[in-house]
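Chains as they are written, first to last, in this note's numbering: chain H, 1 to 113; chain C, 1 to 117.
These are calculated hints, taken from the structure and not from any lab test. Using N, Cα and C, we set each Cβ at its ideal position, and we do this for glycine too. Some hints could be false.
[Claimed, not checked] Distance condition first, Cα-Cα at most 27 Å in a straight line; then the derived BS3-like pairs of lysine-lysine: (1) C:Lys57 x H:Lys11; (2) C:Lys57 x C:Lys36; (3) H:Lys70 x H:Lys57; (4) C:Lys59 x C:Lys36; (5) H:Lys11 x H:Lys57; (6) H:Lys70 x H:Lys53; (7) C:Lys56 x H:Lys57; (8) C:Lys70 x C:Lys56; (9) C:Lys59 x H:Lys57.
[As the list claims (entries may be wrong)] Reference listing, derived: stretches of chain H covered by chain C, where coverage requires no fewer than 3 residues with Cβ under 8 Å from a Cβ of chain C: (10) 14 to 26; (11) 68 to 78.
Now for the letters of each chain:
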Amino acid sequence: DAGITQSPRHKVTETGTPVTLRCHQTENHRYMYWYRQDPGHGLRLIHYSYGVKDTDKGEVSDGYSVSRSKTEDFLLTLESATSSQTSVYFCAISEMPGTGGYTFGSGTRLTVV
Amino acid sequence: GQQVMQIPQYQHVQEGEDFTTYCNSSTTLSNIQWYKQRPGGHPVFLIQLVKSGEVKKQKRLTFQFGEAKKNSSLHITATQTTDVGTYFCAGPRVGVAGGTSYGKLTFGQGTILTVHP
């Protein structure tokens, strides 16, 4: 969807290196989320944000950190990438929980070798 | 913790056949959402159900929310090749100590639909 972009779209990195994924939105939505998608596991929440500088952990947050210094951008950092973090990462935005669904970005396919 | 289970995991149908996927939650849900993800794509929001026993239709798609608000189904009539993809249900995650969930969703594992022409 046009209002949310993720970068990069694809990345290959080496084990032990830090990696940052970016999610950028132009919808001025308050809520932003990072999910990872793996076969057999569906979508699992990593971290989320409910406002600028307001973030919290999801169900699979170990090894990840996030930052949100302005409304438009939500960054996901893998502090020291491991092979288990090879996945497809989706960012999502929501205007008002309970009033409608998420809008997802196109995803980042990350491979850790 | 809260779980959302979906069955079946895979479904192969011939074009023109009907398809149904079922979603069951371990907890009562305030609402349930459905998403579709085309192969290689990202999930796209389809619909949200809120009321107990609610039924909504979108062309050939019929969505139901159970009376107890713990289960839901998506039924597609006369499938077409354009229906191919993975269908996810999702429910709000329960907040800690009854607090707000901030819109966090728990997703089912999804049902992968293949339609043979």
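Okay, the hints, checked on the actual structure:
1. A hinted pair counts as satisfied when its Cα atoms are at most 27 Å apart, and C:Lys57 with H:Lys11 does not qualify at roughly 40 Å.
2. Taking the CA atoms of C:Lys57 and C:Lys36, the gap is about 15 Å. The hint holds against a cut of 27 Å.
3. Only pairs whose Cα atoms come within 27 Å are accepted, and H:Lys70 paired with H:Lys57 is accepted, the gap being roughly 18 Å.
4. Note on C:Lys59 and C:Lys36: the hinted pairing holds, with a Cα-Cα distance of about 15 Å set against a maximum of 27 Å.
5. Annotation: proposed proximity of H:Lys11 to H:Lys57 holds, straight-line Cα distance about 24 Å (limit 27 Å).
6. Restraint check for H:Lys70 and H:Lys53: the C-alpha separation of about 8 Å stays at or below 27 Å, so the hint holds.
7. As the CA atoms of C:Lys56 and H:Lys57 are separated by approximately 34 Å, the hinted pair breaks the 27 Å bound.
8. The suggested pairing of C:Lys70 with C:Lys56 holds, with an alpha-carbon distance near 17 Å, which does not exceed 27 Å.
9. The hinted pair formed by C:Lys59 and H:Lys57 fails the criterion: a straight-line CA distance of about 38 Å is larger than 27 Å.
10. Counting residues of the stretch 14 to 26 of chain H whose CB lies closer than 8 Å to any CB of chain C gives 0, which falls below the minimum of 3, so the coverage claim is violated.
11. Requiring three or more residues with a Cβ within less than 8 Å of a Cβ of chain C, the coverage given for the stretch 68 to 78 of chain H is violated, as only 0 such residues are present.
Violated hints for the displayed structure, listed by number in ascending order: 1, 7, 9, 10 and 11.
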